[in-house]
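Going down the list, the sequences are from chains V and Y.
Its first residue numbered 34, the first sequence is counted upward by one per residue in the working numbering.
Its first residue numbered 46, the second sequence is counted upward by one per residue in the working numbering.
In case anyone wonders, no lab produced these hints; they're calculated from the structure.
The reader is advised that the hints may include incorrect statements.
Stated by the list, open to error - Think about it this way: if two alpha-carbon atoms lie no more than 20 Å apart in a straight line, the pair counts; the simulated EDC-like pairs of lysine to aspartate or glutamate are:
(1) V:90 <-> Y:144
(2) Y:54 <-> V:87
(3) V:103 <-> V:87
(4) Y:102 <-> V:71
As the list claims (entries may be wrong) - Partner residues aside, some chain Y positions facing chain V, computed with beta carbon under 7 Å:
(5) 86
(6) 88
(7) 95
(8) 135
(9) 139
(10) 144
Quick reminder that beta carbons are idealized off the backbone N, C-alpha and C, glycines included.
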Amino acid sequence: TQLLEQSPQFLSIQEGENLTVYCNSSSVFSSLQWYRQEPGEGPVLLVTVVTGGEVKKLKRLTFQFGDARKDSSLHITAAQPGDTGLYLCAGSSGGYNKLIFGAGTRLAVHP
Amino acid sequence: NAGVTQTPKFRVLKTGQSMTLLCAQDMNHEYMYWYRQDPGMGLRLIHYSVGEGTTAKGEVPDGYNVSRLKKQNFLLGLESAAPSQTSVYFCASSFGNNEQFFGPGTRLTVL
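Just need the whole structure built from these sequences, with the hints factored in.
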């Protein structure tokens with residue numbers, strides 16, 4: 034069974050701080066996606082990484098896919114209250130775009 | 046475009062009752078998915094469909110049935126609800142191996 038472990042589970046920081054969220058597995062994934070979910074809504078895709086070692090930037094967010102395609106990280110620079118939410122990583126597994134989700138990291142950024 | 050819609054938004058059932066959750070998408074996507082989200086466990090795939098008239102089991106299919114009679118609709122049924130099925134249910138759709146678009150969710154409580 035493929036599993037994705039996310040850490041930390043919870044993160045509470047002050048506006049302006051930097052943070053990193055990790056997503057680890059013992060399995061290889063063909064691609065890995067990061068989603069953000071706000072209360073009462075469904076997840077929304079932030080980025081997809083496909084190639085081992087790939088780095089993608091989305092404004093203050095930097096995503097990295099491990100060389101072996103088993104792990105990924107999300108780094109946020111100078112966090113803002115608008116970054117508050119649940120961050121989920123998801124690995125593509127078994128065809129038909131089926132996803133295995135991590136349990137998520139709940140981020141709270143305080144003004 | 047409405048994207049992915051789900052009805053109802055909330056429902057309370059008694060143990061043993063049945064119900065159907067409806068998911069509709071207007072993006073002409075071939076693939077559709079049903080997930081459940083429980084605290085600390087991320088999203089888990091219940092069933093999925095790769096086209097009209099096709100369905101397949103996901104990670105946690107027991108106690109649920111699905112149907113995809115029309116391309117735009119994917120129904121999730123609970124024949125005899127149990128308290129263990131208390132959860133938030135999300136429907137998603139995608140075009141091939143691309144981003145999954147999620148609905149707003151249905152919060153189900155089984156007493």
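Evaluation of the provided hints:
1. V:90 <-> Y:144: Given pair residue 90 of chain V, residue 144 of chain Y holds - Cα atoms ~17 Å apart, limit 20 Å.
2. Y:54 <-> V:87: violated, 38 Å
3. V:103 <-> V:87: Answer holds: residue 103 of chain V to residue 87 of chain V is near 12 Å, not above 20 Å.
4. Y:102 <-> V:71: Answer violated: residue 102 of chain Y to residue 71 of chain V is near 28 Å, above 20 Å.
5. 86: holds, 6 Å
6. 88: holds, 4 Å
7. 95: holds, 5 Å
8. 135: Check passed: Cβ of residue 135 of chain Y comes within 5 Å of chain V, closer than 7 Å.
9. 139: holds, 5 Å
10. 144: holds, 4 Å
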